Each structure stands twice: as structure tokens, then as C-alpha cells.
Amino acid sequence: MIKFFRKLRQKLLAENKFSKYLLYAVGEIVLVVVGILIALAVNNRNNQRLDDLRVERFINKFKLQLEDNLEAVNVYIETNEQFYSDSRRLIAIIGDTQEIDNEAKIDSLIFLNSYDYHLNLDMNVILESRENGDIALISNDSLSKSIYYLITFYNKIIEDERITNSNLNNHFVPYLSKHYNLKNLVHTVTEGEELNKSKIYQGDNYKLLVDQEFENLITLRLIHSKELLESYLVLKKIIVDTYKLL
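Okay, so the sequence shown: first residue is 15 according to the working numbering, each after it adds one.
Calculated directly from the structure, the hints in this document are not laboratory data. On a predicted model such as this, the values are computed, not experimentally measured, just so you know. You may find that some hints are simply not true.
What the hints assert, rightly or not - Mimicking DSBU-like on lysine-lysine, the simulated pairs with C-alpha atoms at most 35 angstroms apart in a straight line are:
id, residue 1, residue 2
1, K119, K258
2, K119, K250
3, K240, K77
4, K197, K240
5, K240, K75
6, K119, K221
7, K240, K170
8, K240, K258
9, K197, K211
10, K240, K211
11, K119, K192
12, K221, K250
13, K258, K75
14, K75, K211
15, K159, K221
16, K170, K77
17, K251, K170
18, K213, K197
19, K77, K192
Claimed, not checked - Cβ pair distances, simulated, as ranges:
id, residue 1, residue 2, range
20, Q96, Q62, 48 to 58 angstroms
21, D82, N183, 24 to 34 angstroms
22, D255, L67, 21 to 31 angstroms
For every residue, glycine included, the Cβ atom is placed at its ideal position computed from N, Cα and C.
Using the sequences provided together with the hints, build the complete structure.
In C-alpha cells form, the structure reads like this:
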């Protein structure tokens, strides 16, 4: 078509018909512009189709990751509800040795208060998709905000776990190493399968139950445990809400 207009222009110029030449020249320009616009539209549709495929692949992988993470959070919540309950049991008997009838129970409760926190969710799909730009292609604003909230809140939990574990390793464990016989503790909780009872230690583990420092340390463990448990419950809701948007 453009070649046809070009020949007409050349003929009109030869015949000194400038007005008609101008008309056909404009027609040629219009055709060129229309052709460019059509090409751009086709290219945009192709790009949009590719973007939609990228988002679809991300969502399919993200669904599986959320399902696995939800299962992990549920297990962790159940476990930490028991840990929190054990912390409450231990702090309840501090200062009142009549509430406990044998040393083995003290060992068990102290052992259960010596755990650290590492939820360790799998966030690889989110991190990779954020780096390669897939998340930015999501047109659902509610989903984008929910993913961002999930990332932000999980990072908060990681920091809270770090603080809690730091308190455990820098204060609680050193206190136990100084005032408690760890070999006897391991012997008790493993029912003698790992270690025999200490032949050196002649102390009384009950003395911890009247020690102000021990009470303070257990109180901090209880506070951290409760705060993290509440955070895990919030995280579970975020995961469920995000999954519903997929």
C-alpha cells in the first residue's frame, strides 16, 4: 500500500499536481502511523501475555509454599503452646518447693525452658520473585500488599527470635552452667540413655526455686515465649488471608 502511494506521489509531482501530491503524502504518513500503532499494540499484547504467564507461574509456586509454611506454623504454634504452658508451671512453683514432689520434674521443666526459637519458613519463592520482578507484575493490589505484609511481619519475627535466643544464650544458659548440674539434667530427661548422673555434684537443685535471679530469668523466658506465640498466631492469619487472595 505504501509503495502504491509512493508511485502516485511521483506521478503527481511529474504532472505538477501538488495538492493531490500533498493529499497522498499525508495518506502515506497516516498508513505508516497506523502500522506503527498496530505493531505496538501487538507487541504490548505479547508482553502482557508473557507477564501474565510469569504471574501465573509465581502464584502456582507461591500457593505450594504457603501451604507448606502454614503446616510448619501450625506445628510450631502447637509446640510453643506447650512450651509456654511449661514456663508457667515452672514459674508457679518458684518460691514454693511444696508444689513439686521430686527433682526430676524440676529437671524436665528447666530443660523445656532451655529451647531456642527458629521458625525457619521457606521464603525462597517470594524472595526470588521480588528480585526478578514477578511480584511487581501482580495487578491485584490487595495481594501485593498482603505479600509485602507477610515479608515484613516474618522479618519482625526473625528479629524477635534473635533477641529471645540471645537472652537464652547470654543469660539463662550461663546461669544454669554456674548454678545447676547439666549432666544430671541430661541424665534425667533422657532417662539415663545419654549420660550417667554426676559423681561430682553434691548440690541441691531445689535451691534454684528460692533464687531471685532464677525467677527473673524464667519470667523473661515466659514473656518472650508469650510474645512469640502471639506473633506466630498473627503470622498464621496473614498466611491464610494471603492464600485466599490467590
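Against the structure, the hints:
1. Between the alpha carbons of K119 and K258 the distance comes to roughly 44 angstroms, so the proposed pair goes past 35 angstroms and is violated.
2. Restraint check for K119 and K250: the C-alpha separation of about 33 angstroms stays at or below 35 angstroms, so the hint holds.
3. Between the alpha carbons of K240 and K77 the distance comes to roughly 29 angstroms, so the proposed pair stays at or under 35 angstroms and holds.
4. The suggested pairing of K197 with K240 holds, with an alpha-carbon distance near 29 angstroms, which does not exceed 35 angstroms.
5. This hinted pair checks out: K240 and K75 have alpha carbons roughly 33 angstroms apart, not beyond 35 angstroms.
6. A hinted pair counts as satisfied when its Cα atoms are at most 35 angstroms apart, and K119 with K221 qualifies at roughly 14 angstroms.
7. As the CA atoms of K240 and K170 are separated by approximately 15 angstroms, the hinted pair is consistent with the 35 angstroms bound.
8. Annotation: proposed proximity of K240 to K258 holds, straight-line Cα distance about 28 angstroms (limit 35 angstroms).
9. Annotation: proposed proximity of K197 to K211 holds, straight-line Cα distance about 6 angstroms (limit 35 angstroms).
10. Distance hint between K240 and K211 is fulfilled; the C-alpha atoms sit about 33 angstroms from each other, no more than 35 angstroms.
11. Among the hinted pairs, K119 with K192 is consistent with the structure: their alpha-carbon atoms are about 20 angstroms apart, no more than 35 angstroms.
12. Only pairs whose Cα atoms come within 35 angstroms are accepted, and K221 paired with K250 is rejected, the gap being roughly 40 angstroms.
13. Taken as a hint, the K258 and K75 pair is honoured in the structure, with Cα atoms around 15 angstroms apart against an allowance of 35 angstroms.
14. As the CA atoms of K75 and K211 are separated by approximately 51 angstroms, the hinted pair breaks the 35 angstroms bound.
15. Between K159 and K221 the alpha-carbon distance is near 52 angstroms, which puts this suggested pair outside the 35 angstroms criterion.
16. Restraint check: the Cα-Cα separation between K170 and K77 comes to about 22 angstroms, which is no more than 35 angstroms; the hinted pair holds.
17. The hinted pair formed by K251 and K170 meets the criterion: a straight-line CA distance of about 15 angstroms does not exceed 35 angstroms.
18. Distance hint between K213 and K197 is fulfilled; the C-alpha atoms sit about 10 angstroms from each other, no more than 35 angstroms.
19. The suggested pairing of K77 with K192 is violated, with an alpha-carbon distance near 48 angstroms, which exceeds 35 angstroms.
20. A beta carbon spacing of about 51 angstroms between Q96 and Q62 agrees with the range 48 to 58 angstroms that was offered as a hint.
21. One distance hint, 24 to 34 angstroms for the beta-carbon pair D82 and N183, holds here, with the actual separation near 29 angstroms.
22. Range check, D255 to L67: about 26 angstroms between beta-carbon atoms, so the 21 to 31 angstroms window is met.
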